[in-house]
Every structure is written in C-alpha cells, then in structure tokens.
Amino acid sequence: MGAMNSVKEKWDSSGGNELISKVSSSIPQGTKDYLGSAQKQLFNRDNLRSITVFFGIGEERPFYVEKAPSLLFARLKHNLQFFYLNYLLVFAVLFVLTLIISPSAIIGIALLGFAWVYVVRRTSEGSTKVYNFTITQKQATIGMGIISAFVLMYLLSHIFWWTIFSGGFLISIHAGLRDASMHQDSNDRVEMSGDLSLEENAAFLNPVENGPKVQAVEVV
Numbered sequence: 065m066g067a068m069n070s071v072k073e074k075w076d077s078s079g080g081n082e083l084i085s086k087v088s089s090s091i092p093q094g095t096k097d098y099l100g101s102a103q104k105q106l107f108n109r110d111n112l113r114s115i116t117v118f119f120g121i122g123e124e125r126p127f128y129v130e131k132a133p134s135l136l137f138a139r140l141k142h143n144l145q146f147f148y149l150n151y152l153l154v155f156a157v158l159f160v161l162t163l164i165i166s167p168s169a170i171i172g173i174a175l176l177g178f179a180w181v182y183v184v185r186r187t188s189e190g191s192t193k194v195y196n197f198t199i200t201q202k203q204a205t206i207g208m209g210i211i212s213a214f215v216l217m218y219l220l221s222h223i224f225w226w227t228i229f230s231g232g233f234l235i236s237i238h239a240g241l242r243d244a245s246m247h248q249d250s251n252d253r254v255e256m257s258g259d260l261s262l263e264e265n266a267a268f269l270n271p272v273e274n275g276p277k278v279q280a281v282e283v284v
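Numbered per my numbering, the sequence shown finishes at 284, counting up by one with no gaps.
Derived from the structure by calculation, the hints contain no laboratory data. We put the CB at the ideal spot given by N, CA and C, even for glycine. Among the hints, erroneous ones may be present.
To be verified - Each pair of labels, with its calculated beta carbon distance range: (1) TRP226 x LEU175: 13 to 23 Å; (2) LYS104 x PHE155: 15 to 25 Å; (3) ALA138 x GLY207: 34 to 44 Å; (4) PHE233 x ARG125: 18 to 28 Å; (5) LEU175 x LYS131: 45 to 55 Å; (6) ASN111 x ALA138: 14 to 24 Å; (7) TRP226 x PHE119: 18 to 28 Å.
Given the sequences, and given the hints that come with them, work out the whole structure.
The following block contains the structure:
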C-alpha cells in the first residue's frame, strides 16, 4: 500500500492529472456525451445473457447445423448482436486464464512493477542523477511510461494473439451452431401495465349470444 500511495503521489506531483485534464477539456462536450452514451449502451448489464439462454438449456434444439447459407448468415448476424457482451466476457476470461498460466508474463509484469517503485524512490526529491545527467521526476515518469508500453506489448503479444484466435474459434462455433431464433423478438416486447376489469357478459367476449340475431332468409 505504501508503494502504491507513493506512486500516486509522484504521479500527481509530476503533472499527470493536469495533462489528462487538458486533454479532456479539449474534447467537445458533444463528443463526450456521445462516447459516454455509447459506452453505457455497450456495457449495459441487461445485454449480458444468462447461462441458460447462452447454452439454450431447456430448449428442444439449441444447437444444430444450418445448411442453408442465407439462414446461416442470418443466424450469425443475430447471435453476434444478441450475445456480443457474452462473447466479450469469453475473451476477457481467456485472456486472464492465459496470463495466469504464463509465468514469463507474470515475472515480467512483476519486474516492471519493481522498476516503477525504484524510479519513484530515486526521484522522490524531485530529480535524480544518472552519471552526470540530471533527470527530473516528470522526465522519469514519461520515460518509464514509454518503456512500460513497449515491455507490455512484448510480454502480452503472444497472450493477446492466443486469446484472439482461441476465443474467435470458440465464438465462431457457438454463433454458427446456436439457434437463438426464439429470442429474436425479445427486444420488441411491449410491457403493459394497468388493471383491466371485464364482466363475463362483455360484448366482445360473447359476440354471438349478446349480439343481434340474424335470421336466415330462404330464397325460392
């Protein structure tokens, strides 16, 4: 906790928050509202389907091979739209699991964390000297940020591509075989509220008995 607090304090004193505030203030308010609305809609909890719906538990034929190309294309399109948040969750779970079972990536991230702690402590007084060069705290923070980006790209590149290919394979199988056509109109349902009191002898419930009688006319 002490190291984390020290990193936060050095980040604040190096002007990182001011830089982020300037970048944020330069973005038009309309763009901010649009991005906020899009993010809220994209990660809406209501769009995360349950395990029962995702695997079609209780349905008669939740998975089967569709041979008609047009119907298969319609199925893929609907499943990608209907289960997109579940598919993103699959990617996230695969990424975390792959990271956990990758010792080299964990060791590299740990070493990178120690490097950040070392730099923060060396620049705790505002600057430090490396040989005959004086490096300010802001310069050290920017340099460590650039180095960290390249190190993470190197460490996580194989995990990223493995997650993309394995997750894409699993999602392609699910989207191609899962028949979720019964859920296509789930977003078009209209909720009705209010009380409807009807008597047993309502006219439209008994049109023949209570309506006017029509006598048949025999034509000679």
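Range agreement (Cβ of PHE155 with Cβ of LYS104, hint 15 to 25 Å): 20 Å, holds
Beta-carbon spacing of ASN111 to ALA138 - inside the hinted bounds 14 to 24 Å or not: Once the Cβ atoms are compared, 20 Å apart, the range 14 to 24 Å for ALA138 and ASN111 holds.
Consistency of beta-carbon spacing, GLY207 to ALA138, with hint 34 to 44 Å: This hint is violated: roughly 52 Å between Cβ atoms.
Consistency of beta-carbon spacing, ARG125 to PHE233, with hint 18 to 28 Å: The hint (18 to 28 Å, Cβ to Cβ) holds, given that PHE233 and ARG125 are roughly 23 Å apart.
Outcome of range test on Cβ distance (TRP226, PHE119; 18 to 28 Å): Holds, at about 24 Å.
TRP226 versus LEU175 beta-carbon gap, inside 13 to 23 Å or not: Holds, since TRP226 and LEU175 (Cβ atoms, about 22 Å apart) stay within the stated range.
LEU175 versus LYS131 beta-carbon gap, inside 45 to 55 Å or not: Because 53 Å falls inside the window, the suggested range holds.
This entry does not satisfy hint 3, going by the numbered hints stated previously; all others are met.
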